[in-house]
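Now that you have both chains on their own, put them together as the hints suggest.
Here the protein sequences line up with chains A and B, keeping their order. Per the working numbering, the first sequence starts with residue 1, numbered consecutively. Per the working numbering, the second sequence starts with residue 1, numbered consecutively.
Calculated from the structure, these hints are not laboratory results. Hints may contain errors.
Covered stretches of chain B, as calculated for chain A (at least 3 residues, CB under 8 Å) [to be verified]:
hint, region
1, 107-121
2, 155-167
3, 191-200
4, 276-285
Using N, Cα and C, we set each Cβ at its ideal position, and we do this for glycine too.
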Amino acid sequence: MSPDNYLYLAAILFTIGTIGVMIRRNALVAFMSVELMLNAANLAMVAFALARGGLDGQVATFFVMVVAAAEVVVGLSIIITIYRTRRSTSVDAANLLKL
Amino acid sequence: MNPITAPTFEWLQLAPVLVVLLAACLGIVIEALVPRALRFVSQVALFALAAVVAFGFLVVSWNEPKNSIGLMAMGSISLDGPTYLMWGALIIFGFLSLLIFAERRLGNGNSSFAASAASVPGSPAETEAGVARHEHTEVFPLALFSLSGMMVFVAANDLLTAFVALEVMSLPLYLLSGMARRRRLLSQEAALKYFLLGALSSAFFLFGIALVYGYTGSFDLGRINDAITNPVYGAGLLYTGMAFLAIGLLFKIGAVPFHNWVPDVYVGAPTPVTGFMAICTKLAAVGATVRIFYVALGAERWSWQPLLATVAVVTMALGVVVALTQTDMKRLLAYSSISHAGFILVAVVGATSGSLGQLTSFGSILFYLVAYGFATIAAFAIVTMVRDSTGEVHAISGWAGLGRKNPLLAGIFAVLMLSFAGIPLTGGFIGKWAVFSAAWRGGYSWLVLAAVAASLVAAYVYLRVIVTMFFAPPAEGVTVGRASGLTWVPVGLGALATAWLGLFPGPLLDLVDAASIFIR
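Bound-form chain B, shown alone (with noise of 0.2 Å):
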């Protein structure tokens, strides 16, 4: 009989997501042990820890990379630059994400989740809750444990790998939604919804995994290239499977059309959560997108492109369209980031490999996906601060005067709105024309006209919203509520990267022009 070799593990090359997954649990740790008074700072100096450590071993790995580059844990993992870039970002945002979390001095020492998820909204166990301050400090190891689903999901290299990283970061996040502080009705209620359908895109994601496997007979993503350009078996097994984990991974995106849990969970969740799921979420799931029709239907892209196509101009268009008749700043920022998925999907769609002097597709999306994070981040924390006695106000025509009443946090929101609509010297701009170039070189030129055309309308979105800001008669009762520094850094430095970006984009364009090859 032969003897069972042990499998071989790089401890050292993974600890990223070793630290933010053993910090989880650590945080469930503290839960249990720790006194209710100190848990909510345990929990904050905790994810701070685990977010420079976890950065902190990037770091050193990426100097590394004569043992840092390659597949790892017996090949489920791929460690190449497309993961170190992403994992430094998810890590980046995850922190930012985080703060915003924390912030309590907005509620007069309320958090924005809910004191008590479980009590049934207006009943005397909720206001019990609310009078002894109980908090669910339960969310930091929650965003955690998504955090590193994220992570490995972004890495994951085989499709088994890639379901399971799915579900760690899709379960916490159903949880999270539902545990608003108010509205706590819309809030189940999109934490029911983002369930129930998320449920059944990652069921059609599972099925789509079994389809693939069926044809090719393994989970690695390197093989089923290979099985696919040396077919054995008829391509209708392949073609379904394809479809499948196309809808899988589009509904995490937020692709039209299964875009229709975005609106409603971004409204529904609580704030910071939202900022959280708008960029980690979309980071994560196009990182994965991109690596398995890069590196494992890569030799199909005849067949999925044209697909993808379609589904970028619809997303495109209806995002923007249909953002044109919001009237609450949530659901504005909803369909904003569903035409950002469509922009980004464009630059999937060119699929060009780059050459001297050209960023390659995944590059210039990397770019596209920074950019657009840093602007996110800010934007949602300053949703978080822009209040009325009862609590934050989302209705457009609130915000009305903004620009009277505190000039630097209207400016500041005003260069956000300029950086997603893509004007010149923000970071929206740099993102916009990286990703077209990508898809012109990939010889979809009519993709890139339908994009240019979709960026227009956008920008009149968010022209509108800047307009009211500044140039409306200011609405009764709304203020800008004092915020910690918490909820400042973030906003600053999304506001500061945005801007910085736009000025000088070079050193983020040359590391991901330097880091953008996926290995098999």
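Next comes chain A alone, as it looks inside the complex (with noise of 0.2 Å):
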């Protein structure tokens, strides 16, 4: 079987998930969106390691998911700070370091 349609499905999901962090204003949701980018990758990585026959990217993935997951952590407590001293997630408002 061809992985060429997986392969693009993951540049097609990578291309949402680079867009989705430029255009949106919540934090949440950019951050949603870099994580469809790992997972682009992911997919990838899992397609690619079925077209050259090795079993690395398979691996590979579960480290991905490991850091995503440890991304999350840092990601939630840092957007959720922010939250509660502005009552809001817009990366608009962070503006104060803008000159």
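As structure tokens, this is what we get:
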């Protein structure tokens, strides 16, 4: 079975994720888009593992999942702290640093 | 059925990383078990001990080259000359930054970190935590975790290890930059920006890994190199993957156009953390970039050299030009750090392997980073010392007349600025000379000319600071805080090393020359 279609799907998901981070104003949604990008990379690695006949790519996805979970812990704590301070998670509201 | 062979792990050779990691874990245990009053002291003792022990293990392995050079941990860690040198530099710089973390006399018994980072700024909970003199001693284990990630990042011999190390290095930094005691809103924003952009860049890095894996069928840097030299598939995947890898790495280095986070995060983060990021993160990111691009993608250098050369020019130009207009000291140092990233990239582009009596590209980069690192740590330590009644003074106008208030400190800062500018007799000059000649020998003479022009403009930026400190009328209400030895040691060592590397660069040049060959 050709893995091409999986790769196209991965590329589409990655693009959607990138656009999401760029244009969505809500920090939570932007963060979810980053997670989508990581999962797109996972899908690509699994598809490539199938195509190249190795297990490396499949094993790598487990590492990525663990890293993504750790990133959620750190990210949500930062976003919640910001939310409690200013009652908003909009990245536009966070503008003290723009000069 | 075949028996499963146990993986091998070189405990002794990898001990420096393991010691730092273990110290970080012990730091968490201290948080849980040791009474609040004793935590600070135990954390400081722990990281000091860890730094000494890790450095000791490093020296032991270094003096035993027979078993200590090669691929370790089943080929995922590459222990070679560059790794040893970068580990040594990371341990020293990490230790010096952690000393500044531990400074409490400047803030009348308070460190630079929030009493309770989880409390809402301006709320009763914050006041209560401040009155009770709570403090976040977790910053020490966090910094140690980050340091261990950096040490693995520079040594990673496969892309998956590099990705995990990148995250281990970054995640604690996101948290640390949100924990400032003063201007907490700014600090929290910095953390949010750093986190979102950092997560985006590591997603790019990961997708780049996936594409390179798809092209070569392996994560291992050596095998990637083999696959590139004997291509089987069309190179489209490889080029896209390479570009994505570069985006992730250039973001961490702070090169234009991925530099947006640098000024904001440097300003918002607590100053000790900024110092830590400015040198340790940069060193780790540059080290990993050089390893990945030279060892894995060296055969494709003709396709990435022009790209990185463009990035280097834009980075230097934007760094120095925007630094001209800055009125805030930390922002100025941030743009200065961007321009230094550009100068380092000049040598990365050069990619010369060196011949007799000539430094390799990596040797010159490492010398530059060490000279820049000592000056940076001392500079940020001095930023923590210049204060008024509300805390640190970051406006450059507030630094006016510092030369009359405290000639010693202003003199040291002037030396550091001269080193940043690359004036002869400072470490920065030898560093610049080394990276420029590496690029020149690599055939990028136009890039060297651009870099020389950029450093001329940069000299104006730094001289302006010196003029303000010595010749402007003194600013009202700004004093030099009475710091303890914890701040003075990094300041003094940084200044001494800057002058020493300028006057007697020989020993370090010999060292980086002897140990700048990457193994595959």
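Going through the hints against the structure:
{"no.": "1", "hint": "107-121", "in the structure": "holds (count 4)"}
{"no.": "2", "hint": "155-167", "in the structure": "holds (count 4)"}
{"no.": "3", "hint": "191-200", "in the structure": "holds (count 7)"}
{"no.": "4", "hint": "276-285", "in the structure": "violated (count 0)"}
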